[in-house]
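> Starting from the known structure of chain L, arrange chain A on it as the hints suggest.
Number of protein chains: 2
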Amino acid sequence: MRPNELTATEALSLMRKGELSVEAMAQACLARVEARDDAVRGWAYLDPQAVLEKARVLDAQPVKGPLHGVPIAVKDVILTQDMPTQHNSPLYKDSFPRLDAGCVKTLRAAGALIFGKTDTTEFASVTRRGTARHPLDPTRTPGGSSSGSAAVVADFQATLGLGTQTAGSTIRPGSFCGIYAMKPTWGAINREGLKMLSPSLDTLGLYARSVDDLELLADVFDLEDRAPPPAFSLKGARIAACRSPAWDKTEPATREAFERGVALLREAGAEVEPLTLPPAFDALPEHQATVMAGEARATFLSEWRAQGALLHDDLKALAAARGVTRAQLLTALDAAAACRVQFDEIAARFEAVLTPSARGEAPQGATTGDAALNAMWTLLHAPVVNVPGFKGPNGMPVGLSLTSPRYTDRRLLNAAKAIAPLFEARGAA
Amino acid sequence: MRPNELTATEALSLMRKGELSVEAMAQACLARVEARDDAVRGWAYLDPQAVLEKARVLDAQPVKGPLHGVPIAVKDVILTQDMPTQHNSPLYKDSFPRLDAGCVKTLRAAGALIFGKTDTTEFASVTRRGTARHPLDPTRTPGGSSSGSAAVVADFQATLGLGTQTAGSTIRPGSFCGIYAMKPTWGAINREGLKMLSPSLDTLGLYARSVDDLELLADVFDLEDRAPPPAFSLKGARIAACRSPAWDKTEPATREAFERGVALLREAGAEVEPLTLPPAFDALPEHQATVMAGEARATFLSEWRAQGALLHDDLKALAAARGVTRAQLLTALDAAAACRVQFDEIAARFEAVLTPSARGEAPQGATTGDAALNAMWTLLHAPVVNVPGFKGPNGMPVGLSLTSPRYTDRRLLNAAKAIAPLFEARGAA
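Protein chains in written order, with my numbering: chain L, 1 to 429; chain A, 1 to 429.
One chain only, chain L, in its complex shape (with noise of 0.2 Å):
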């Protein structure tokens, strides 16, 4: 297995036993990339030289930290001081603002080797495409808006990437990409040097290609449930069957993952219940819509004023967002708030709540996918993990996603590991 093809903790464990140089590792990583990228194109900006410098400078360190040396894509609306910044935008073009962003900063203390940047859609928001491809096939979407972070880590480029979800930007791609992806539990990972497009949303997200590599990014993120996670055993584990409010929107590829999962689990020995939300729930979709849009009038507004003609159309309509008034984005926030007290008492009968993560497979065309299976859950500020493992009828993969309480992440994320082997093996079988 060529280094690129590791886990992040399958090649810490070859690089604490002093079978794997970082050197190495990033070379791999960088092969793979000249051999793909012009399929994948999935780098908004990646300097080899630099890449090679910084790896070389981690193996002369004495002391290696949690991720020492792990190849680490960044989604391009997130600041790093070592390279632009440029949010797909020409009002950013050649941006490179001396700052790391904090999430990057952890990083950087942990040991990562942070790679390079990623395609985004502009400023991570409107839904046309960038120009990153999915890994397998050209003609279809890697999802967006983090598309380029989900698509490497995908095509075994880098090991790990982060995007950012303010409606199902982490989630989605992860689902059509077939990887992992974790949305945390909202504020738990510091937000500071991300484009902002919804603060009340806006969320850091996380990929990966197994679940111990998702802890790993928990450990050093320092995220910590409000109690301490239980053991999770799939046997007797209480998981909910939840189709969301927005079922009306999935194609067969999702519904027969959905089915084949809650067989798959039951057959393992869970308890699976059908879950319906109560009535309030049935908004919350268009409450997301409503608290971005009016939230996105005051984070665009100064580039609405400084040169508002270079924004996409989307985005000067968001800017502009006469639609949304004041009080129907206080009735929005107002009722979220509530319905994430009502989910947390709701969730916590469970060990985790399953539910879709995307439409179906991957789509073709100049869309990045629709958020609508995904929205919900971020604006109940809930932690989100997309398990890949299953197909759809051309080939694509399916991913679900397991749902739980906010800050409720560990306990998440032992579910997920448990489920995740049952997935892959058997989701496409």
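Treat the hints with care, as some may be off.
All copies of an identical chain are treated as equivalent in the list; a pair is satisfied when it fits inside any one copy or across any two copies.
Derived DMTMM-like pairs (lysine to aspartate or glutamate); straight-line CA-CA distance at most 20 Å [stated by the list, open to error]: (1) Lys93 - Asp82; (2) Lys417 - Glu10; (3) Lys391 - Glu424; (4) Lys391 - Glu251; (5) Lys316 - Asp222; (6) Lys316 - Glu224; (7) Lys235 - Glu424; (8) Lys391 - Glu259.
Hints in this document: simulated from the structure, not taken from any laboratory.
Same frame as chain L, but now just chain A:
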């Protein structure tokens, strides 16, 4: 009257008539800095030559923005692409990211003269004094954490100022320094590029020497109410007099100002009613502290992990934050969300709610004062305006706060505009 003593509204009027140039305005402010900086020490960074160059560029522009040439002081936790941003922290000494915070970009687009960076407590978070001293008494604090912006606006060194507020960091210095201060509704102004402390609380703060000037800023920052604000008349206005759950922290200076303020409003024909908030509100000051500490754990993780030894001891405690559990954080967040809905309903019955701005006069010693009287309103996300005009036993300024429901910022400014002349003329009489 020297140009630096003008309000922005007055200066803009002269500029429009061709009777004042931006350069002359800048020179007047710089002369005041030259004369007073040894005493007030409000600036963290100021380059007079660069200021004059920017002023001449503005003078040469054919199109004048709504804040054309108005000198604005920027708290040094807010990014500016043409000046360092150092957070009064050794971790950011000489840090110079080439990026404007959203609010600074918006002000530049309006033609403002971004004048210099102002003294702040470390990361706007601890209560240890920085360099700035009270303009009227160097043994006293101008308040914190927005110490420098409040001091230089009060001292006629700049016309307007930007601060931030997470507990009481904008309103309290406004009260101590005897100027107008506004904390808008949470979320109404973009916070991108401000150092984050507690995302559920952090708010950009505004300083001015008149309500007209706050209205100018409200226009530029696109503040809009949930409903069009009605005309305000003191005669018959319903004003709530709310001692707030922190009343027992007030000193005689504030108690007397409050009683005098109530009497002046009644004399002017307002119907002033005592307002006691429901018992659930008594816990809000403590919830604010819980939210701030609970969220600071995430926001300071990167500094803590990278160079924790260089953090102030208060910040080490915040970053470690083992004292606040996730469960406590959620309890505080949810209680606040419920109280917001209640407060909006209660406060909507009045034209404005009058409440203390600080415990009393600006204190002496190493402290920047106590946020006890401000913390609750910050947590409620309500807009707050400090109206000056009163004096304590040592002759130092004392202000009173006006507050109202979320997204009634313009209605609140209407009330402040009518009340300001009354307090200014007769508050200290």
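> First find the shortest C-alpha distance between Lys391 and Glu424 inside one copy, then the shortest across copies, and answer within, between, both or neither for a cut-off of 20 Å.
within (10 Å within a copy, 72 Å between copies)
> Check Lys391 against Glu251 for me: Cα-Cα at most 20 Å, and say if that holds within a copy, between copies, both or neither.
For Lys391 and Glu251, only the intra-copy Cα distance (12 Å) is at most 20 Å; the inter-copy one is 69 Å.
> My question is about Lys316 and Asp222: at a cut-off of 20 Å on alpha-carbon distance, are they close within one copy, between copies, both, or neither?
The answer is between: 15 Å across copies meets 20 Å, while 37 Å in one copy does not.
> Reference check for the pair Lys417 and Glu10, CA-CA at most 20 Å: within, between, both, or neither?
within (16 Å within a copy, 65 Å between copies)
> Between copies, within a copy, both or neither: which fits Lys391 and Glu259 at Cα up to 20 Å?
So Lys391 and Glu259 pass the 20 Å test inside one copy only (13 Å; across, 71 Å).
> Can you give me the call for Lys235 and Glu424, within, between, both or neither, at a CA distance of at most 20 Å?
within (18 Å within a copy, 72 Å between copies)
> At most 20 Å between alpha carbons: which applies to Lys93 and Asp82, within, between, both or neither?
both (16 Å within a copy, 18 Å between copies)
> Since the copies are identical, ignore which copy is meant and state whether Lys316 and Glu224 lie within 20 Å (CA to CA) inside a copy, between copies, both or neither.
between (39 Å within a copy, 18 Å between copies)
Hint compliance for this structure: no hint is broken.
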